[in-house]
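Asks: As a plain string of letters, each chain reads:
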Amino acid sequence: MKKQLVFLVVILMAFSSYAQNIEVCNTCEISTLKKAITIAKDFDTIIVKKGTYKEHNIIIDKPLTIIGKNYPVIDGELKGEIITIVSDNVTVDGLFIINVGTSYTEDYAAIRVRRSKHFVIQNLVLEKLFFGIYLEKSSYGKVYHNKIIGDAVEEYNSGNGIQLWYSNHIEIEHNYVEHVRDGIYLEFSDDCLIKNNVSALNLRYGLHFMFSNNDEYCDNTFENNGAGVAVMFSKKIKMTNNTFKENWGTASYGMLLKEINDAEIIGNTFEENTIGINIEGSNRITYKNNNFINNGWAIKVRGACYTNSFIENNFLYNSFDISYNSNVNDNIFDRNYWSNYTGYDLDKDGVGDVPYRPVKLFSYIVNRTPETIILLRSLFIDIIDFSEKVSPVFTPDNLLDNNPLIKKITW
Amino acid sequence: MLKILKYSFYDLMRSRWSYVYFAFYLLLGIVLLFLNNDLSKAVITLMNVIIVLVPLIGTIFGVMYYYNSKEFTELLLAQPLKRSSIFLGQYLGVALSLSMSLILGLGIPFVFYGLFKSSAIWDFSLLLITGVFLTLIFTALAFNIALSNENKIKGFGYAILLWLFLAIIYDGIFLMTLIMFEDYPLDKLSLFGTMLNPIDLSRTLILLKLDISALLGYTGAVFKQFFGTNFGLVVSFATLVLWVVLPILRIVFKSKKKDF
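For the protein sequence lines, the chains are A and B, in the order given.
Take 1 as the starting number for the first sequence in the numbering used here and just add one per residue.
Take 1 as the starting number for the second sequence in the numbering used here and just add one per residue.
Just chain A, with the same shape it has in the complex (with noise of 0.2 Å):
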């Protein structure tokens, strides 16, 4: 048993002794994270004390954890690329980023993974900087608990927030990313996980999938993007529990579906944007529980799109609620509550008696002559929007929800 202990201690002790700690400092023997690296051999931990180290092109090519110690400054001097990552089993938190190069032929970022596994880059704050944190071909990573703030002004000069490029497997939590031309961007990027993040004023997207599959993200807020959040090209994404806020202007929409297929879209929020949904070309999806509040338009219907399903949602005070730019249909509308209903429950079991037309004569008229807007609200226009609710003429009839619930639903 003692000979036991006295081997179990003597393994430790040697581990340790493997697993060394180097310690950079402005002052001290190392003071450049460049040479720790160098020295460093595999599995060792390096810590950068508090301070201002100006470095660029850092590669960390051997498995190594990089810990700041109360957030040192790592500056590029705007020169280029600061951290690149090409190891497999890297750690690096705690350091604050700035000033990445800016160039028109490279995407120069603050921390770049590339083709490695089983990383995991964690409370970094990044400002002034071109990308952010970018993974190429790598896969089986965590992005936890960052702060990126950009100072993106136009979109052909900025980069993005968080790029995902042929990256699987990726869990991205807790980020705030505001400012930067597209907050978090995935192509060609599958299995990913992206939760409880808030994305904001950012120039284009909040969060930007193309061409990726089998993606979940939920519980992230995206407010007061240039266009909110574009999902393009993918299939069998799961969309759930997210806020989409105040991404208002003459273009802009909550969530944008480009050629989405099989994908489901429950629980969100949907909030004073100028269109909540946007949905061009995208088939077999499901949207439930959703909350749409406020919006200019619900959900715009651009064509090409079948076989949908719109369940138990809440539509509340919308301009528009659907609108629909061909009088044929092909979506379910089941069991969703209407601000806008103005039947009656003769027998009280809380669903209307009269079926609900969600498709208002006015916003035919103005999907097809957009210049017409500016009578949204004239009493000519309720008149006839009223005519046509009694009998529908240019809109779909076969478009109707024929169980709209009396109350607002809660889940």
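By construction, these hints were calculated from the structure, which means they are not laboratory data.
The structure presented is a predicted model; accordingly, all values stated were derived computationally and were not measured.
Keep in mind that a hint or two might mislead.
Mimicking DMTMM-like on lysine to aspartate or glutamate, the simulated pairs with C-alpha atoms at most 25 Å apart in a straight line are [claimed, not checked]:
{"hint": "1", "chain 1": "B", "residue 1": "K209", "chain 2": "A", "residue 2": "E246"}
{"hint": "2", "chain 1": "A", "residue 1": "K34", "chain 2": "A", "residue 2": "D61"}
{"hint": "3", "chain 1": "B", "residue 1": "K117", "chain 2": "A", "residue 2": "E272"}
{"hint": "4", "chain 1": "A", "residue 1": "K147", "chain 2": "A", "residue 2": "D107"}
{"hint": "5", "chain 1": "B", "residue 1": "K209", "chain 2": "A", "residue 2": "E223"}
{"hint": "6", "chain 1": "B", "residue 1": "K41", "chain 2": "A", "residue 2": "E271"}
Assemble the complex: chain A is given as a structure, and chain B must be docked to it using the hints.
Replies: Same frame as chain A, but now just chain B:
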């Protein structure tokens, strides 16, 4: 003129209709605030009411007052008074008392609700200002109609028709024009069309202030650029003033020529 104004004003202040009108707005304001619990939403609902009802009441009331006080007017005409001051005095008496009912009737419940602490105060003031303008415009138009028609029934008919035209039919024609010429750039035309009708102009002014402007989309950029700027605001108010001044000038002109 001031004396006649004062006389008409007090005469109307004593009349039942002013109280009914005042009570109606008071009730409307209270009910809206009670149901909505939200000042800025109440302002939107109020807009719908104001742009329809204020012109209607202004027109009907103006015509009615003119015909009712015809005998008194004829008595006044026998006195050494300027004709323009008689009719302008009467017109202003009606318009001012209506405006006062509007401002007080809506203002009191909103003030009690805490308007001065709310950010909606500018929207609300704009609402009241356009309401007053609409009263001035439609009362003046009503006096014009009444002056031109001896026949009461005809006068009422034309007055109702005028309201119907500006509040509803005009928008219908406007809409048809926009749809018919949809292949052409329409922003200038629609801007022009809105400026021509005081009801449409008031509606657009309020809507743009209420932050619905983004709904107008790309096509609405021109509206936003126009109405959103100070220049646009000045031009719109100038148009409204013009809408008041032109009918008043016609009242003066017509009353000078008219045989009684």
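Asks: Under the constraints set out in the numbered hints, which ones does this structure not fulfil?
Replies: none
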